[in-house]
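4 protein chains.
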Amino acid sequence: MVHRVGIVGASGYTGAELLRLLAGHPELEVVYATADSNAGAAATDLYPSLAAAYGDLEFAAFDPGAVDGLDAVFLGLPHGESQKVVPRILDRVGHVVDLGADFRLPADAYAQWYGEVHGAPDLIDRFGFGMVELFRDEVAARVHVAAPGCYPTASSLALAPLVADGLIEPTGIVVNAVSGISGAGRKLAATNLYAEREQNVVGYGLLTHRHTGEIEHALGHVAGGPVQVLFTPHLVPMTRGILATCTARPAVDGLTTAGLLDRYRAYYADEPFVVVSDEPPQTKATLGANTAQVTVRVDPRTGTVLAMGAIDNLVKGASGQAVQALNLVLGLPEPTGLPSVGMMP
Amino acid sequence: MVHRVGIVGASGYTGAELLRLLAGHPELEVVYATADSNAGAAATDLYPSLAAAYGDLEFAAFDPGAVDGLDAVFLGLPHGESQKVVPRILDRVGHVVDLGADFRLPADAYAQWYGEVHGAPDLIDRFGFGMVELFRDEVAARVHVAAPGCYPTASSLALAPLVADGLIEPTGIVVNAVSGISGAGRKLAATNLYAEREQNVVGYGLLTHRHTGEIEHALGHVAGGPVQVLFTPHLVPMTRGILATCTARPAVDGLTTAGLLDRYRAYYADEPFVVVSDEPPQTKATLGANTAQVTVRVDPRTGTVLAMGAIDNLVKGASGQAVQALNLVLGLPEPTGLPSVGMMP
Amino acid sequence: MVHRVGIVGASGYTGAELLRLLAGHPELEVVYATADSNAGAAATDLYPSLAAAYGDLEFAAFDPGAVDGLDAVFLGLPHGESQKVVPRILDRVGHVVDLGADFRLPADAYAQWYGEVHGAPDLIDRFGFGMVELFRDEVAARVHVAAPGCYPTASSLALAPLVADGLIEPTGIVVNAVSGISGAGRKLAATNLYAEREQNVVGYGLLTHRHTGEIEHALGHVAGGPVQVLFTPHLVPMTRGILATCTARPAVDGLTTAGLLDRYRAYYADEPFVVVSDEPPQTKATLGANTAQVTVRVDPRTGTVLAMGAIDNLVKGASGQAVQALNLVLGLPEPTGLPSVGMMP
Amino acid sequence: MVHRVGIVGASGYTGAELLRLLAGHPELEVVYATADSNAGAAATDLYPSLAAAYGDLEFAAFDPGAVDGLDAVFLGLPHGESQKVVPRILDRVGHVVDLGADFRLPADAYAQWYGEVHGAPDLIDRFGFGMVELFRDEVAARVHVAAPGCYPTASSLALAPLVADGLIEPTGIVVNAVSGISGAGRKLAATNLYAEREQNVVGYGLLTHRHTGEIEHALGHVAGGPVQVLFTPHLVPMTRGILATCTARPAVDGLTTAGLLDRYRAYYADEPFVVVSDEPPQTKATLGANTAQVTVRVDPRTGTVLAMGAIDNLVKGASGQAVQALNLVLGLPEPTGLPSVGMMP
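Chains as they are written, first to last, in the numbering used here: chain A, 1 to 345; chain F, 346 to 690; chain W, 691 to 1035; chain Y, 1036 to 1380.
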């Protein structure tokens, strides 16, 4: 039986990526797709890439009544919009999968990192944090999904086996990450222009990037206690891909690179979308795929553990991970319809 | 029933792309993959992108006996190698799909454009020219497939409706095309280095590029008579994608852009992998997909017809088209296992 | 004696490039730089690249009185603005160098290609068309300079030796050109976003791009009679660089590649900024430099002459060429302060 | 008086960049340029960018006698070659400026990081470490120059004001850096191919990159005692540019971002090629220029100091810095002939 799904906010990059992925999903069918300022436009006007599969799709203006009875609705909305839309649709559809940040954090952490009071705090607990590898039980136990952010996904998957076993100190963790420009969305800003990003690397959001709270939330969940991270994101001249390079101080003696690689392999042994590699992960190995690649090192000289994680920010870091979580809550095999092989070259 | 296939020459870019595409193909299973200098290497050493699907695949040294009984074998070999390998395997396997240039042209045209006598001219007729949209009957009538080159695919699909109906003069056709760097393969040459291709566009193979003969072959087939083309390829700083911009002189009066767009739509009405667009086609709309996008214009001011075609050179221009042709000869629905939605952004 | 110059419209890409070039010019000093919406901003806010030389520069709001007595004023304004500004400053300053399109074409050609009546037609004749190599006498004879567009510069320098000597037919000329994204300026449009231009090539302005008129103007000047061109520009994923690939029919018998290369070398023998190369020109060879590189071929098989020209669109195609023309009208050696070596790699 | 200089190893990227920079240097003239496997080739065959200034330059095979009496010789040789060449030329020329790693470190540190015994340890002390801002006295006191590596330059300039004043702990320093691909030189390796680097970020040399020793050497010199660094380099898809993101633990109480920015400004107040910026430095702001841009932050939440430095690896990180140091030892103003404005866009 094919499940009927809608996408509210389908004209942004995560929405377009959902359309791409769902075109190859045998069990989900997109029957409704909305846009805001692009309502009325053909999907192919914005994304001619969709022409062969969605030649007739026109973005509708959002109407809560139109989602009645859908099996699932994805939300690909700008920050702050989901908490307005969710109360209007939560009981009309089977499952809501929010790709925004609104339902990822507890209300207090949300207030701390986003600098505003949450508009629908009572609904947060109805969403599972959709980083399935680390929150599978929680996701399965709840009805709706808050799909995690891109940086938190790459960082948390890279560090999880370390914090799960208490192998590193929970403070002093440093995450440096680089991201392709698509992470900024389809926003008309000088900082997103080709001519200003090409041949250019720059850090941003120094000390205060909102994904810090989400990384600490995910790792804290795995660790079973507070974890503190200094997170520094950078833009690099590519469209997709995130690489997180993380350092931490060992909390136990005798760690070795070989030993940690074994632990990583054991930790992710049953995960279809996490590859533990001996070699440093390459973002391109994940391009277009729902796969994360991670590795780990121990440096006895400086007393440091180094972990790295690579993903495609629009797939494993957004739309693909959202589909994976929906597969789980729908009872489908998690990998259904999701590519695991990256596009290389 | 799943068909068992092999890839001889799997370590190059077209081989790796076959592995990527076949990982998502429900009816074909890769059971054999060879490499030459990379024999013995893990597939993931060269392409870590394959790790989630081919974690255990090791490239074998080629052994003709090993293909015995396979349903199909793809050849992804350097120029000139296929004509040596094909005689050794043609009767051992169900179908050979050659991604090289060796079996695309009649022997005399081959000698003209490649400057050497063909080594197995008697076998050429057993191969259909696998540009399915223009050669479907030929492909279906033969057992084996010579998958066309990347530039000929983009150019011929852009111009075919014009020559099919005798709407343009068969001489004076100019094809300017740009290609991503992957078209040059995984060759260690200074001209393929990142630092020398980035921020760089250059023409090459001026007047004599070998794909000229193939474009003339394809268009001549459609026209039912000789067609002459001046073809000028260029490298542009991207990995994948070809855009062919073609000009020709009208052979009939009264052509209009709207009229030609209608003809194009009619011509390609039943093709799952050709999109006729009003807007100029973008290479990125085809990225990772087996789809070609084409458009056409008439310029009364200068008396010129302008046609454009865009593809992903590694998919529709190589491995994807090869799978499409194999689907046809195997009696599968042509689109089986092939993505039609490009990766945008 | 250092000449004091102003830049009206200094916050766009051509303005910023003027600031870069003039920082290395020993005879010109920038004493005034204006912006519109960015008035009041530090130059380094928009272009941190300027920090070491213009750390204190703040963009002023334009005030005609502020240019009184300057030796020269560059205009880097959006289309249509120069014809409003020029009447207000023409008699206040020594020389105006307009980088916009407003004073390049005769009034009738302007109306044809820009679809509007020119606002200051009487002033057009006071501007020389600043493609110095082809219009040196005109530039030297007039006081002010209309710096040519980027595509016309690459195309006209590539074709000039052919039309100068009547070697090609003046109709049926086809110019296909590719440009880096900076040619579109610092405009906040989805088509200029990194994520939509990376890995993407697309034609635009099909049949009607305004630079067509300018190419025909320049070549007509050289030919001494009308020249007709079909011009098709494309965007390619790089920031700077234009490559024009031009085809034409020979007007005389017996042309050879070697003979034409000799003619090209003779034609440009005294030009410091035109390199005639045997090899196809690479845009990167011109990156950051005021140099154009050109080559030519004859194809007896199809009866075609092929000419190619490469430039950096922001230097030889805009700001560098403007400085070169100003050097000429100021009586300085033309190469003063202009780099001729491209940045490679 | 113009100084006559030679370049031994002129066909690599640092050699080509020297040729580019010296074409604009009023006091230095290149009279000799050698290559190894490219001996006999025209410089423009490898770098057509040089055509307008070095149209006749042919790379010579190296002959020690040919450098006799030159004022200076730059060495742009592969690792390990300089220690063979230097003994043969040191007393024939005024100054040697080595762009390789051979004379940067004391012999014991060299052995530690390069895993081999130095071939000419007695000569090391005749070279000053050419990071002029931090080693000006040493450079001025010695005759020859060992131009520092690219990563050490970006990292050390970012961290120097902190270690100079003992503001951070000398252990636990983490440097994450990204580099454009040109840093790997003109080496024909699969890892340098366009198609494998585009849309790809990867760490390399984990834990053991040789530049670690050089960073520790430079910072140790500034600190006046040992400094320990974990250095992790990454390749990002651009040709030029390095960004170093550094974290450390404060060694004193009460540090603030504003206070540290003031200290940085004071520390670099007289440096023409270091810009202290409030905003995070962008690599593109340094493109083609000899300028470094740095910033600093204090994070009270995690107890961390964050410093960042950006350079063009081929200019400030190699050839430009080498010229700056030579200017110093020749008694020329340090900025002579060196661009300080980056190419943006």
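Check each hint, because a few of them may be wrong.
Capping the alpha-carbon separation at 20 Å, the derived lysine to any residue pairs in SDA-like fashion look like this [claimed, not checked]:
(1) W:K774 <-> W:S727
(2) Y:K1222 <-> F:K429
(3) W:K877 <-> A:E81
(4) W:K877 <-> A:A39
(5) W:K774 <-> W:D827
(6) F:K429 <-> F:G464
(7) W:K877 <-> A:D56
(8) F:K532 <-> Y:P1141
(9) A:K84 <-> A:E29
(10) A:K187 <-> W:E806
(11) A:K187 <-> A:P78
(12) A:K84 <-> A:E138
(13) A:K84 <-> A:P64
(14) F:K532 <-> Y:R1221
(15) W:K774 <-> W:E806
(16) A:K187 <-> W:L878
(17) F:K532 <-> Y:T1291
If you're looking for bench data, these hints aren't it; they were derived computationally from the structure.
| field | K877 of chain W paired with E81 of chain A [C-alpha distance capped at 20 Å] | value | violated, 27 Å
| Does R1221 of chain Y lie within 20 Å of K532 of chain F when you go C-alpha to C-alpha? | holds, 14 Å
| said: Holds or violated: K84 of chain A and E138 of chain A, Cα atoms, limit 20 Å. | reply: This hinted pair is violated, its Cα atoms lying about 24 Å apart.
| message | Hinted pair, alpha-carbon criterion (20 Å max): K774 of chain W, S727 of chain W. Please report holds or violated. | response | holds, 17 Å
| query | CA of K774 of chain W to CA of E806 of chain W, is that 20 Å or under? | reply | holds, 14 Å
| said: Next pair to validate is K84 of chain A with E29 of chain A; report whether the Cα-Cα distance is within 20 Å. | reply: violated, 25 Å
| query | CA of K877 of chain W to CA of A39 of chain A, is that 20 Å or under? | reply | Not OK: K877 of chain W and A39 of chain A at ~24 Å, beyond 20 Å, violated.
| request: For the pair supplied as a hint, K429 of chain F and G464 of chain F, confirm whether the alpha-carbon distance does not exceed 20 Å. | output: Judged against 20 Å, a Cα distance of about 7 Å means the pair holds.
| Is the hinted pair K532 of chain F and T1291 of chain Y satisfied, with a Cα-Cα distance of at most 20 Å? | Violated: K532 of chain F and T1291 of chain Y sit about 52 Å apart, past 20 Å.
| Do the alpha carbons of K774 of chain W and D827 of chain W lie within 20 Å of each other, as the hint requires? | Cα-Cα ~27 Å, so violated.
| query | Holds or violated: are the alpha carbons of K187 of chain A and P78 of chain A at most 20 Å from each other? | reply | Satisfied, since the Cα-Cα distance of roughly 10 Å is no more than 20 Å.
| query | Are the Cα atoms of K84 of chain A and P64 of chain A separated by 20 Å or less? | reply | OK: K84 of chain A and P64 of chain A at ~12 Å, within 20 Å.
When each numbered hint is compared with the structure, violations occur for hints 2, 3, 4, 5, 7, 8, 9, 10, 12 and 17.
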